[in-house]
Amino acid sequence: MKVLVAIKRVVDFAVKIRVKADHSGVETDHVKMSINPFDEIAIEEAIRLKEKGIAGEIVVVSIGPQATQETIRHALALGADRGIHVEIEEPPEPLTVAKILKAITNREQPQLLMLGKQAIDDDCNQVAQMVSALLDWPQATFVSCLTIENGRCQAAREVDGGLETLIMALPAVVSADLRLNTPRYPTLPNIMKSKQKPLEQLSASSLGIHAVPHTKILQVTEPVSRRSGVKVSSWEEFIPILKKVMSCAF
Amino acid sequence: MRVLIIAEHDNKTVKLATLSAITAGLVLAPSVSVLIAGDKTDPVCTFVTKVTGVSSVLKAESPHLAHQLAEPMTQLLEPIASQFTHILAPATTFGKNLLPRLAAKLDVMQISDVTKIISADTFERPIYAGNALETLQSLDPVKVLTVRPTAFAPASLSQNSALVEPIPVPSLSSPAQYQGLEATISARPELTSARVIVSGGRGLQSKENWPLIEELADCLNAAIGASRAAVDAGFVPNDYQVGQTGKVVAPELYIAIGISGAIQHLAGMKDSTIIIAINKDPDAPIFQVANYGIVGDLFEIIPQLTKALKDNRR
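Protein chains in written order, with the numbering used here: chain U, 29 to 278; chain C, 9 to 322.
Calculated directly from the structure, the hints in this document are not laboratory data. Glycine included, every Cβ here is placed at the ideal spot set by N, Cα and C. There could be a bad hint or two in this list.
As the list claims (entries may be wrong) - Covered stretches of chain C (in silico footprint by chain U; criterion: 3 or more residues with CB under 8 Å from a CB of chain U, positions within the stretch not fixed): (1) 110-124; (2) 189-199; (3) 229-241.
Said to hold, decoys possible - Below, a sample of chain C positions facing chain U; criterion: calculated Cβ distance under 8 Å: (4) E79; (5) N105; (6) L147; (7) P149; (8) A184; (9) Y186; (10) N299; (11) Y300; (12) I309; (13) P311; (14) Q312.
Work out the full structure, taking the sequences as your base and the hints as a guide.
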């Protein structure tokens with residue numbers, strides 16, 4: 029079974045971001061970039077499926093500027109077999125990403141398409157759902173436990189009320205939530221080996237995708253920040269505050 | 009302006025987040041339609057007809073819709089979507105699962121987690137875990153939005169009596185089979201609608217210490233929340249998590265206990281009216297957003313605070 033994993037290069041989760049002075053976006057130049065943490069979980073799951081003998085080849089695809097190849101190399105160092113880089117200069121909207129991933133999926137014919145549930149930069153949480161719609165494949169989003177047996181996949185989803193379980197026939201789309209697994213670190217020998225793994229470069233237009241904007245970002249601003257309050261010296265000072273909020277309870 | 013709200017419900021009661029989505033819809037138009045898709049949804053329909061601002065309740069019934077999975081819901085919505093200028097659902101796991109699928113079928117962009125409706129086509133939403141706000145204009149004929157429930161007060165009930173219109177249900181299929189829900193059962197208030205939340209983190213150290221949080225919460229009739237660290241450590245189930253990728257809450261009072269305050273956690277609770285933080289690290293970032301903080305050992309402070317509250321009640 030071939031697994032395709034889609035990943036995104038984002039501002040590292042530990043970076044304190046800065047809004048550009050002209051309010052056109054968030055500063056991404058000279059900022060540490062990393063693989064989107066949820067996508068790293070998706071790759072880890074694909075690698076575990078391979079280690080269990082369930083998955084065969086793992087292909088990783090990423091869409092973005094030239095530097096995106098560093099992120100693909102990271103995925104190859106973790107254990108993916110082959111990379112595809114779809115070059116695009118401007119950050120694409122989720123719908124465009126989904127269209128590109130559909131084209132790659134049709135080309136690669138995987139049985140399972142895995143993605144992180146959301147990217148931590150735009151926080152959209154859309155691509156997995158969109159690409160499964162375009163492919164007409166079933167979707168399991170926010171997955172924290174995945175088992176694959178006899179061409180079927182059982183997925184436990186983290187929903188607001190608890191854990192929901194779905195069974196889907198493959199091919200299917202799965203988006204990874206935090207507790208699906210804990211990703212490994214790449215070892216030095218694997219980092220060396222990853223440099224030899226195949227990495228194909230494509231352009232969106234060669235796939236027949238021409239991004240038509242559906243939205244326009246008018247401005248990006250900083251939120252009003254909370255002012256830090258006071259430190260009290262004794263817990264007893266909390267009592268009147270609690271009493272005030274809870275006045276109906278006392 | 010024709011606005012459709014997709015109701016989240018369990019065939020018996022409507023989820024409170026739906027009422028927030030109705031309020032958001034009423035910013036766009038003087039009245040809204042609400043779709044109730046499910047199986048044997050009469051109690052839900054009856055309730056929603058009384059919600060202020062609802063002009064019609066569109067009722068779609070099918071066993072395939074019983075669990076409102078994204079695939080049959082999309083099959084239901086796709087043919088009727090063009091009748092509306094705006095389609096809204098709450099930005100809960102339900103809405104986030106469904107609306108991008110629908111938007112892709114309609115070849116429109118979906119706009120996630122809207123916190124402010126500026127005009128009929130312009131919306132504000134948080135990005136980067138709420139560390140920036142994006143103002144986005146939609147160029148699509150149908151605007152498909154998930155709206156953040158904490159940003160819109162729930163719509164109220166009134167003497168309203170909207171019409172219930174059964175709508176035709178096309179032939180549906182569910183390529184994904186629903187196996188069941190392992191529901192988190194709690195007698196405490198629901199996390200996203202509670203007035204008070206007591207939230208615990210890594211500082212609790214072990215699951216055995218978690219009753220400290222529960223006892224304090226019960227004194228305050230509070231819901232219980234948790235940081236990612238507490239969920240990952242297995243102190244509580246996943247749906248207790250507050251943060252960028254968990255639940256977003258905005259109670260009147262949020263008590264953060266043993267939570268350092270990573271930006272991912274702050275993203276989920278910084279709109280709370282009053283924040284109290286208890287942490288042994290004076291430099292913990294949680295103190296930067298807390299109205300009142302105390303640096304100290306939670307294992308000494310919490311039992312005393314709980315006891316004082318109990319004594320106070322007698």
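For each hint, the structure was consulted:
Beta-carbon proximity to chain U at under 8 Å applies to 11 residues in the stretch 110-124 of chain C; the threshold of 3 is reached and the given coverage holds. By the rule of at least three residues with a Cβ nearer than 8 Å to a Cβ of chain U, the coverage given for the stretch 189-199 of chain C holds, with 4 such residues. Only residues whose beta carbon comes within less than 8 Å of a beta carbon in chain U count, and the stretch 229-241 of chain C has 4; three or more means the coverage holds. Satisfaction of the interface hint for E79 (chain C) is found here, the shortest Cβ-Cβ separation to chain U being roughly 6 Å, below the 8 Å cut-off.
Proximity of N105 (chain C) to chain U holds as hinted, the smallest CB-CB distance being about 5 Å (cut-off 8 Å). Given hint, L147 (chain C) at the interface with chain U, holds; its Cβ is 6 Å from that chain's nearest Cβ, closer than 8 Å. Interface hint status for P149 (chain C): violated, as the beta-carbon distance to the closest one in chain U is roughly 10 Å, over 8 Å. Against a cut-off of 8 Å between C-beta atoms, the interface hint on A184 (chain C) holds, since the closest Cβ of chain U lies about 4 Å away.
Below 8 Å, beta-carbon pairs count as interface contacts, and Y186 (chain C) has one with chain U at about 6 Å; its hint therefore holds. For N299 (chain C), the suggested interface contact is upheld, since its CB lies about 4 Å from the closest CB of chain U, less than 8 Å. Interface hint at Y300 (chain C): satisfied, since its Cβ lies 6 Å from the closest Cβ of chain U, which is below the 8 Å cut-off. Evaluation of the I309 (chain C) hint against chain U yields a held restraint, the C-beta minimum of about 5 Å falling below 8 Å.
Here the hint on P311 (chain C) is broken, as its CB sits about 10 Å from the closest CB of chain U, past 8 Å. At a threshold of 8 Å, the smallest CB-CB gap from Q312 (chain C) to chain U is about 6 Å, leaving the interface hint in force.
Of the numbered hints listed earlier, those contradicted by the structure are 7 and 13.
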